[in-house]
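Taking the hints into account, I'd like the entire structure generated from these sequences.
Protein chains: 2
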Amino acid sequence: MISVEEALEKVLSYVEVLDAAETPILDSLGQVLAEDVYSGINIPPLDNAAMDGYAIQAKDTEGAGSESPSFLRVIDTVAAGSISETEVTPGTAIRIMTGAPVPRGADSVVRFEDTDEEERKQASAGGMSGEIGILCKIKTGLNIRRAGEDVTRDSLVLAKGTVIRPAEVGVLASLGRSRVKAVRRPVVAILSTGNELVNIDQPLPAGKIYNSNTYSLAALVRRCGGIPRILGIARDSEESLVAGLREGRDADMLITSGGVSAGDYDMVKDVLAREGEIGFWTVRMKPGKPLAFGRIKSTDKGGASRYIPHLGLPGNPVSVMVTFEIFARPALLKMMGRKDLARHTVEATLADRVVNSDGRRVYTRAIIEKRGDKYFARLTGPQGSGILTSMSRANGLVVVPEDRAEVKAGETVQAIMLDWNEA
Amino acid sequence: MISVEEALEKVLSYVEVLDAAETPILDSLGQVLAEDVYSGINIPPLDNAAMDGYAIQAKDTEGAGSESPSFLRVIDTVAAGSISETEVTPGTAIRIMTGAPVPRGADSVVRFEDTDEEERKQASAGGMSGEIGILCKIKTGLNIRRAGEDVTRDSLVLAKGTVIRPAEVGVLASLGRSRVKAVRRPVVAILSTGNELVNIDQPLPAGKIYNSNTYSLAALVRRCGGIPRILGIARDSEESLVAGLREGRDADMLITSGGVSAGDYDMVKDVLAREGEIGFWTVRMKPGKPLAFGRIKSTDKGGASRYIPHLGLPGNPVSVMVTFEIFARPALLKMMGRKDLARHTVEATLADRVVNSDGRRVYTRAIIEKRGDKYFARLTGPQGSGILTSMSRANGLVVVPEDRAEVKAGETVQAIMLDWNEA
Chain S
1 MISVEEALEK VLSYVEVLDA AETPILDSLG QVLAEDVYSG INIPPLDNAA
51 MDGYAIQAKD TEGAGSESPS FLRVIDTVAA GSISETEVTP GTAIRIMTGA
101 PVPRGADSVV RFEDTDEEER KQASAGGMSG EIGILCKIKT GLNIRRAGED
151 VTRDSLVLAK GTVIRPAEVG VLASLGRSRV KAVRRPVVAI LSTGNELVNI
201 DQPLPAGKIY NSNTYSLAAL VRRCGGIPRI LGIARDSEES LVAGLREGRD
251 ADMLITSGGV SAGDYDMVKD VLAREGEIGF WTVRMKPGKP LAFGRIKSTD
301 KGGASRYIPH LGLPGNPVSV MVTFEIFARP ALLKMMGRKD LARHTVEATL
351 ADRVVNSDGR RVYTRAIIEK RGDKYFARLT GPQGSGILTS MSRANGLVVV
401 PEDRAEVKAG ETVQAIMLDW NEA
Chain L
1 MISVEEALEK VLSYVEVLDA AETPILDSLG QVLAEDVYSG INIPPLDNAA
51 MDGYAIQAKD TEGAGSESPS FLRVIDTVAA GSISETEVTP GTAIRIMTGA
101 PVPRGADSVV RFEDTDEEER KQASAGGMSG EIGILCKIKT GLNIRRAGED
151 VTRDSLVLAK GTVIRPAEVG VLASLGRSRV KAVRRPVVAI LSTGNELVNI
201 DQPLPAGKIY NSNTYSLAAL VRRCGGIPRI LGIARDSEES LVAGLREGRD
251 ADMLITSGGV SAGDYDMVKD VLAREGEIGF WTVRMKPGKP LAFGRIKSTD
301 KGGASRYIPH LGLPGNPVSV MVTFEIFARP ALLKMMGRKD LARHTVEATL
351 ADRVVNSDGR RVYTRAIIEK RGDKYFARLT GPQGSGILTS MSRANGLVVV
401 PEDRAEVKAG ETVQAIMLDW NEA
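Residue numbers (the working numbering), protein chains in the order written: chain S, 1 to 423; chain L, 1 to 423.
Derived by calculation from the structure, the hints in this document are not laboratory data. There could be a bad hint or two in this list.
Lysine-lysine pairs mimicking BS3-like chemistry, simulated, CA-CA at most 30 Å apart [stated by the list, open to error]:
| no. | chain 1 | residue 1 | chain 2 | residue 2 |
| --- | --- | --- | --- | --- |
| 1 | S | Lys339 | L | Lys374 |
| 2 | S | Lys370 | L | Lys269 |
| 3 | S | Lys374 | L | Lys339 |
| 4 | S | Lys408 | L | Lys139 |
| 5 | S | Lys121 | L | Lys269 |
| 6 | S | Lys370 | L | Lys370 |
| 7 | L | Lys121 | S | Lys289 |
| 8 | L | Lys297 | L | Lys269 |
| 9 | S | Lys10 | S | Lys121 |
| 10 | L | Lys137 | L | Lys59 |
| 11 | S | Lys139 | L | Lys289 |
| 12 | L | Lys160 | S | Lys408 |
| 13 | L | Lys289 | S | Lys121 |
| 14 | L | Lys160 | S | Lys370 |
| 15 | S | Lys334 | L | Lys269 |
| 16 | S | Lys334 | L | Lys370 |
| 17 | L | Lys121 | S | Lys269 |
| 18 | S | Lys334 | S | Lys10 |
| 19 | S | Lys374 | L | Lys334 |
| 20 | L | Lys289 | S | Lys137 |
| 21 | L | Lys374 | S | Lys374 |
| 22 | L | Lys408 | S | Lys139 |
| 23 | S | Lys339 | L | Lys370 |
| 24 | L | Lys137 | S | Lys289 |
| 25 | S | Lys160 | L | Lys370 |
This is the structure in structure tokens:
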């Protein structure tokens, strides 16, 4: 048996960061930048008004107060998006709206509230006179946002490797970038194996079960940013398996479920060994002990041979989901160029007793709740690996280490958070 | 000025949970169930083998041991997906694979490892004899998964209101459901206003800036599960605004940016008041003080009048993102049927001093890190609301309460986590 860490290290060593593609910025959300993004412009491009008011020369407000306003001649008006052709000279002011470029000659902006504008408006029924009174002394530079305050021209704004979130999408737009080089999302081919499986749109004959693994895997792939490609169900025959595997050959990863244990009808192993390279592992974990990992031979468009990483998960629905979390998710994140591959974990007080009978690392489905600033975990009920509804009741996995034969109620455990804070 | 809580309560009171639609289960990921899902079947449907082995009657193993095996006659083989027509009677066994239905007459399954199968295989070069030796005493019921162990027929499996995650997609598939009633995703029309704005695929004339708000908003909408509809840029003229607003009328929510402060060119207010109902708020928060909220008159397909909630955000790129987080995101989640509308917050030790000059609640962009089991926050640098790159450097917002004029370095603060643990 190998440890979870050894198995994960091996899986990660088989996958590489995918190639990049020019991607519309909105579609790149959640992907990773594959280029250093430099700015071709200053942001803001020009010194501009931070408030609605009047662009003036500060020295004109020496000695101004509410009882003794400085009166200036209003020589123009400028709104955001326009540039005033007029220059502010001593004794003059240009009315200016937030975001408008500061006119030549002006060194500060006095906001409406510090002028007698409102008073004048009321006196003249809304019409503006050619004069404005400034009601206080103003400091040079007041209410001016400087050109390049956010971004200076030719500077590195977003580094290669940055995860593209809404703020990055906004930053790219502010630079005038409609497309960006981003690491491609992996296409993951998903194949379920077993004669007992029936597709979900079919009636269920006696002795058969619905194929759920394909759908929980496709949802897991999609949630972590990959593109699932559903290959359907392969029967327990070499022909069916080989046909299924070949259909998945131009994907970036192949995930199969079932067919990796020791039963006579588990032929995935033999077929895989012939179609590529495969290692069969008993990983020191529960659920999920039987696991296969390797690569499948393929041919790229140019005719060169390539290999696709292949993860052979157990057939039980809970084992499938847990082994995906532990091995496939970090591998897919690595392929997408992500650096932080681990899920968020918390320390929680366990409400139940968990027995660990055979020295494996146990991942127990649990409900984790925060009360005050502490976390508490309780099991979701029966932990059989066939009980998929227990996964649906859980929001985390409590980890019982290999070297602990038992964790008692009240003990502190590590819990992997599965679906917190997604939106 | 109204408080953030009052403003949020008002916004939430204007939005309702959207109608439901039959949705393919994989596409429903992240949506909320709009029906109680009952099971039409037992899962598993029949008692079945939990291990590869032999289906037997336990009483046949009385006195069995590795030195004194119980020898049974092998009368059939059954794999998962098949049903044996043969009945297990005293002195007989049926070879059985994991997941295969337990044959009539059998009450337990003894795994291969507890039989002499391997020995016999080696002795006969892989061929099977008609007999098997059981090497230990077996308890009745051993290695049998009971019918209905996961789900019993006619039981409620997933309740209305459940968020559909990968486990729920799997559970729905296991019930043979290919579609499910889920609360629809809201379509959010996004309109940026301002003569200064230029679309990202155009050259940038002097005095203009690129329209970034549309893209950060669209990305935020998409991240929380909505469907953005980009209406582009409206100019500071009534005609342009009215045309823009009307294009967004069949959306579920309208978000505008800009045009809500006191400047002469901020006409969004006047137009909105005429096209529907609108309230203008100065919310006790920073950034984001000027905010508009109301609804726009519209007509549904049947000709009946309806109202679309409208959120008028400030024009500054950081204000846009922060006010979206505080008001639009909870509103969209409510429309999607979500109950938990708040982002995850942590208590963090602040590395910097924050001054709160005018009694507003300050949302400060920060980098929050976990060291050991403690969280630490530091500011991302200059906090001007035009500095979008500061939002891109942040992973959280540190909250400075209205009644605190200052928070000193080393104090404990609440931090809203913006983008943790998404995949």
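Checked hints:
no.: 1; hint: Lys339/S - Lys374/L; in the structure: 22 Å, holds
no.: 2; hint: Lys370/S - Lys269/L; in the structure: 42 Å, violated
no.: 3; hint: Lys374/S - Lys339/L; in the structure: 22 Å, holds
no.: 4; hint: Lys408/S - Lys139/L; in the structure: 28 Å, holds
no.: 5; hint: Lys121/S - Lys269/L; in the structure: 20 Å, holds
no.: 6; hint: Lys370/S - Lys370/L; in the structure: 17 Å, holds
no.: 7; hint: Lys121/L - Lys289/S; in the structure: 25 Å, holds
no.: 8; hint: Lys297/L - Lys269/L; in the structure: 15 Å, holds
no.: 9; hint: Lys10/S - Lys121/S; in the structure: 75 Å, violated
no.: 10; hint: Lys137/L - Lys59/L; in the structure: 8 Å, holds
no.: 11; hint: Lys139/S - Lys289/L; in the structure: 24 Å, holds
no.: 12; hint: Lys160/L - Lys408/S; in the structure: 35 Å, violated
no.: 13; hint: Lys289/L - Lys121/S; in the structure: 25 Å, holds
no.: 14; hint: Lys160/L - Lys370/S; in the structure: 24 Å, holds
no.: 15; hint: Lys334/S - Lys269/L; in the structure: 48 Å, violated
no.: 16; hint: Lys334/S - Lys370/L; in the structure: 22 Å, holds
no.: 17; hint: Lys121/L - Lys269/S; in the structure: 20 Å, holds
no.: 18; hint: Lys334/S - Lys10/S; in the structure: 13 Å, holds
no.: 19; hint: Lys374/S - Lys334/L; in the structure: 27 Å, holds
no.: 20; hint: Lys289/L - Lys137/S; in the structure: 26 Å, holds
no.: 21; hint: Lys374/L - Lys374/S; in the structure: 12 Å, holds
no.: 22; hint: Lys408/L - Lys139/S; in the structure: 28 Å, holds
no.: 23; hint: Lys339/S - Lys370/L; in the structure: 16 Å, holds
no.: 24; hint: Lys137/L - Lys289/S; in the structure: 26 Å, holds
no.: 25; hint: Lys160/S - Lys370/L; in the structure: 24 Å, holds
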